[in-house]
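Position 64 (the sequence shown) corresponds to 48 in the numbering used here; numbering is contiguous.
If you're looking for bench data, these hints aren't it; they were derived computationally from the structure.
Only a predicted model underlies this, so the values are computations on that prediction, with no experimental measurement involved.
Note that beta-carbon positions come from the ideal geometry of N, C-alpha and C, so glycine has one too.
Worth double-checking, as some hints may not be accurate.
In silico DMTMM-like pairs for lysine to aspartate or glutamate, Cα to Cα no more than 25 Å straight-line [to be verified]: (1) K26 / D114; (2) K26 / E10; (3) K26 / D(-1); (4) K26 / D1.
What follows is a set of in silico ranges between Cβ atoms, one per label pair, in the way DEER data are often shown [stated by the list, open to error]: (5) W53 / R90: 33 to 43 Å; (6) T57 / D87: 30 to 40 Å; (7) Q40 / H108: 16 to 26 Å; (8) S(-3) / P110: 30 to 40 Å; (9) Q(-9) / H108: 26 to 36 Å; (10) A56 / Q(-9): 23 to 33 Å; (11) A85 / Q(-9): 29 to 39 Å; (12) L0 / Q52: 12 to 22 Å; (13) A56 / G107: 13 to 23 Å; (14) G39 / L0: 11 to 21 Å; (15) R42 / T13: 14 to 24 Å; (16) R(-8) / R90: 19 to 29 Å; (17) A56 / H108: 38 to 48 Å; (18) P(-11) / G88: 30 to 40 Å.
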Amino acid sequence: MASHPLQRLFDSSADLDNAVELTLAEGITLAEALREVDALLKQQPSVQSVLLIVGQQRAGVTSRTRIQWLRATDLRGTGDADNASPPRGSSGYVMLFFRCAVDGVRTYRVHLDGGAAPQCPNGHGPMELDR
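Could you put the whole structure together from the sequences, leaning on the hints where they help?
Structure representation (structure tokens):
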């Protein structure tokens, strides 16, 4: 069985029970996924673990500790930037934040399938875009 393309992000010791969900577009690269998880963790300092959803499937869970370690390593591959240009965010993805109006549960999306808002995992219906 082949490993998942985002395998290097996964942390088997991460707290799945308290992880927030981050939905990523199918086909996202490892470097793009790392940037998006890193952006989420910077915007949400209380988040310690993130469940990565790719193509409507649970891919794996990562942690703040794992992402900090990966940021300190080199994830570039053949054909990636030669560091001649300044770093920038992904031009292909925008992070969206959603919140349940009933219980305040939050979820984060980099890609929104079909344009529909995600459903509250506690059964409260569609979540609201949190600006």
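Right, here's what the structure says about each hint:
1. K26 / D114: holds, 17 Å
2. K26 / E10: holds, 23 Å
3. K26 / D(-1): Satisfied, since the Cα-Cα distance of roughly 18 Å is no more than 25 Å.
4. K26 / D1: At roughly 21 Å apart (the allowed maximum being 25 Å), D1 and K26 satisfy the hint.
5. W53 / R90: 33 to 43 Å: violated, 25 Å
6. T57 / D87: 30 to 40 Å: Given a distance of about 38 Å, which is inside 30 to 40 Å, the answer is holds.
7. Q40 / H108: 16 to 26 Å: holds, 20 Å
8. S(-3) / P110: 30 to 40 Å: holds, 33 Å
9. Q(-9) / H108: 26 to 36 Å: holds, 33 Å
10. A56 / Q(-9): 23 to 33 Å: violated, 18 Å
11. A85 / Q(-9): 29 to 39 Å: holds, 36 Å
12. L0 / Q52: 12 to 22 Å: holds, 19 Å
13. A56 / G107: 13 to 23 Å: Once the Cβ atoms are compared, 40 Å apart, the range 13 to 23 Å for G107 and A56 is violated.
14. G39 / L0: 11 to 21 Å: holds, 19 Å
15. R42 / T13: 14 to 24 Å: holds, 19 Å
16. R(-8) / R90: 19 to 29 Å: holds, 26 Å
17. A56 / H108: 38 to 48 Å: holds, 39 Å
18. P(-11) / G88: 30 to 40 Å: holds, 33 Å
This entry does not satisfy hints 5, 10, 13, going by the numbered hints stated previously.
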